[in-house]
Amino acid sequence: MAGRAIVITSGKGGVGKTTTTANLGAGLAMLGRRVCLVDADIGLRNLDVVMGLENRIVYDLVEVIEGHARLRNALVKDKRIDSLYLLPAAQTREKDAVSPEQMAALTEQLKAEFDYVLIDSPAGIEHGFRNAIAGADEAIIVCTPEVASVRDADRIIGLLEAHELKNPKLIINRIRPRMVRKGDMMDIDDIIEILAIELLGVVPDDEEIIVATNKGEPIVLNQRSRSAQAYRNIARRIEGEQVPFLQLEEGGLLDRVRSFIGIGRNRT
Amino acid sequence: MQGRDAVIFRGDRAGVSVCLNPDAPFGVVVEELRRKLSAARDFFAGATVRLEAGNRTLDAVEMRVLHELIRAHGLTLAETAGEALAPAAAPVAQAPTSAPASLRQALHVKRRARASNGAVEEAARGGAFDLEDEPCLLVRRTLRSGQRLEFDGSVVIVGDVNPGAVVVASGDVIVVGALRGVVHAGARGNVNARVIALRLNPTQLRIAQYISRPPDGQEPHPTGPEMALVVDERIQIEQFEP
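Protein chains in written order, with my numbering: chain C, 1 to 268; chain G, 1 to 242.
Any given hint could turn out to be false.
[As the list claims (entries may be wrong)] Quick list of the computed label-pair ranges, beta carbon to beta carbon:
#	chain 1	residue 1	chain 2	residue 2	range
1	G	5	C	148	37 to 47 angstroms
2	C	189	G	28	50 to 60 angstroms
3	G	203	C	189	19 to 29 angstroms
4	C	43	G	212	36 to 46 angstroms
5	C	79	G	214	19 to 29 angstroms
6	G	222	C	215	17 to 27 angstroms
7	G	214	C	179	47 to 57 angstroms
8	C	69	G	25	31 to 41 angstroms
9	G	28	C	126	31 to 41 angstroms
10	C	193	G	5	17 to 27 angstroms
It should be emphasised that the hints constitute simulated quantities derived from the structure, not laboratory data. The C-beta atom is built at its ideal place from N, Cα and C for all residues, glycine as well.
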């Protein structure tokens with residue numbers, strides 16, 4: 001059975017697409033799935049750095065598409081987790097080096113060999129974004145609880161709908177419960193009210209992610225951290241499991257859980 | 001073609017004129033007008049222009065083609081002298097319109113016959129009943145950021161208008177949901193147009209030539225359905241009671 005091709009996109013830059021792609025990929029692989037991560041950010045590749053695999057890159061996605069390398073030889077096997085692979089982007093080329101049609105064909109090839117193909121989209125809505133979504137069947141939108149990020153996410157959802165990628169799911173990243181409580185940060189209901197798509201998960205802001213990213217270690221490997229747990233839960237939800245949302249602050253748990261459950265229903 | 005352009009836009013204190021070169025073949029004029037209007041789309045949005053044909057005579061069909069082309073790009077055409085036939089109202093919608101073209105045309109001609117000779121603006125002014133003659137578009141989905149809906153008539157949206165979305169209508173705009181984007185009602189100059197929403201929270205609201213926005217620093221928290229309309233040359237918001 002062919003795998004699922006999921007694009008992780010946002011519109012806004014710096015909200016956590018690459019971190020999310022790395023961690024969801026690692027999380028799914030840790031559950032035993034065969035996962036291939038695809039870095040579609042040609043020219044500004046980061047997925048290899050965040051995974052700690054940049055020293056192991058021999059060939060990249062552009063070389064595969066241009067026929068200078070075989071896909072098999074370009075895939076970088078993760079150094080920690082079995083069944084996790086990375087197809088890196090080219091750093092010395094630009095976004096127009098490949099076309100959406102070529103990306104779609106490449107994704108089809110990968111779907112035949114993997115359970116999950118996770119495509120890390122670049123920021124923006126231009127050629128790079130169109131390349132990234134070309135081969136995808138599903139989409140995950142990442143946004144932070146900030147007005148600008150939500151605005152861009154809304155734009156992206158509209159564009160995805162126009163490209164026949166319906167029912168994208170949402171991950172709200174870097175939420176700070178204390179700020180939400182004080183009213184300084186948008187809360188989850190505000191975001192869902194505007195975006196009106198299904199919530200896949202909420203990841204709390206976590207300093208440890210900065211450390212982990214710089215070290216090239218996906219944080220899901222870290223048992224203690226809250227954001228790691230959030231990512232692991234999201235991976236399980238992608239697999240179809242019903243996982244309750246994390247308790248992000250002491251007290252008010254029941255309110256939070258009740259409002260989360262209400263969100264997922266009856267959204268068109 | 002050599003020499004002068006087939007179509008020139010000329011601006012003066014009275015506004016913008018679309019000047020047609022009388023020597024250019026009609027087909028070239030149409031093509032060049034279309035090209036120039038598309039290229040300058042945002043610049044001219046909502047403007048009223050005059051058509052100057054010089055010493056060229058245009059028959060009714062040619063006039064209609066030019067009128068429709070100009071209206072299709074969101075511009076209002078002020079009357080040129082000696083026009084033979086009223087043009088049909090051409091909707092600029094992104095979705096099917098409600099009334100068939102022949103009915104719209106019949107209504108439009110009837111309205112023009114009622115009005116005396118004069119500019120399109122004068123015919124549009126006059127009151128609520130005029131808007132009831134116009135076509136109305138029903139949209140049953142939320143408009144997302146970056147989506148733009150333009151319609152020559154009134155618009156009813158069952159859904160939200162998200163921030164970053166734009167609705168432009170020559171008639172009323174009614175949002176059965178939250179209006180959070182930019183809305184321009186009465187876009188052809190009808191100051192009697194209204195904006196009604198269950199939650200009126202636009203980033204910017206325009207009626208005809210009037211523009212308004214929520215006051216700085218204040219988050220508007222509408223408590224119920226509200227209506228925006230022009231009173232004494234200002235946009236006013238009131239609680240909506242049908």
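Here's how the hints hold up against the structure:
no.: 1; hint: G:5 to C:148: 37 to 47 angstroms; in the structure: holds (42 angstroms)
no.: 2; hint: C:189 to G:28: 50 to 60 angstroms; in the structure: holds (58 angstroms)
no.: 3; hint: G:203 to C:189: 19 to 29 angstroms; in the structure: holds (21 angstroms)
no.: 4; hint: C:43 to G:212: 36 to 46 angstroms; in the structure: holds (43 angstroms)
no.: 5; hint: C:79 to G:214: 19 to 29 angstroms; in the structure: violated (54 angstroms)
no.: 6; hint: G:222 to C:215: 17 to 27 angstroms; in the structure: violated (49 angstroms)
no.: 7; hint: G:214 to C:179: 47 to 57 angstroms; in the structure: violated (24 angstroms)
no.: 8; hint: C:69 to G:25: 31 to 41 angstroms; in the structure: violated (56 angstroms)
no.: 9; hint: G:28 to C:126: 31 to 41 angstroms; in the structure: holds (34 angstroms)
no.: 10; hint: C:193 to G:5: 17 to 27 angstroms; in the structure: violated (51 angstroms)
Figure legend: structure checked against the earlier numbered hints; hints not met, in rising order: 5, 6, 7, 8, 10.
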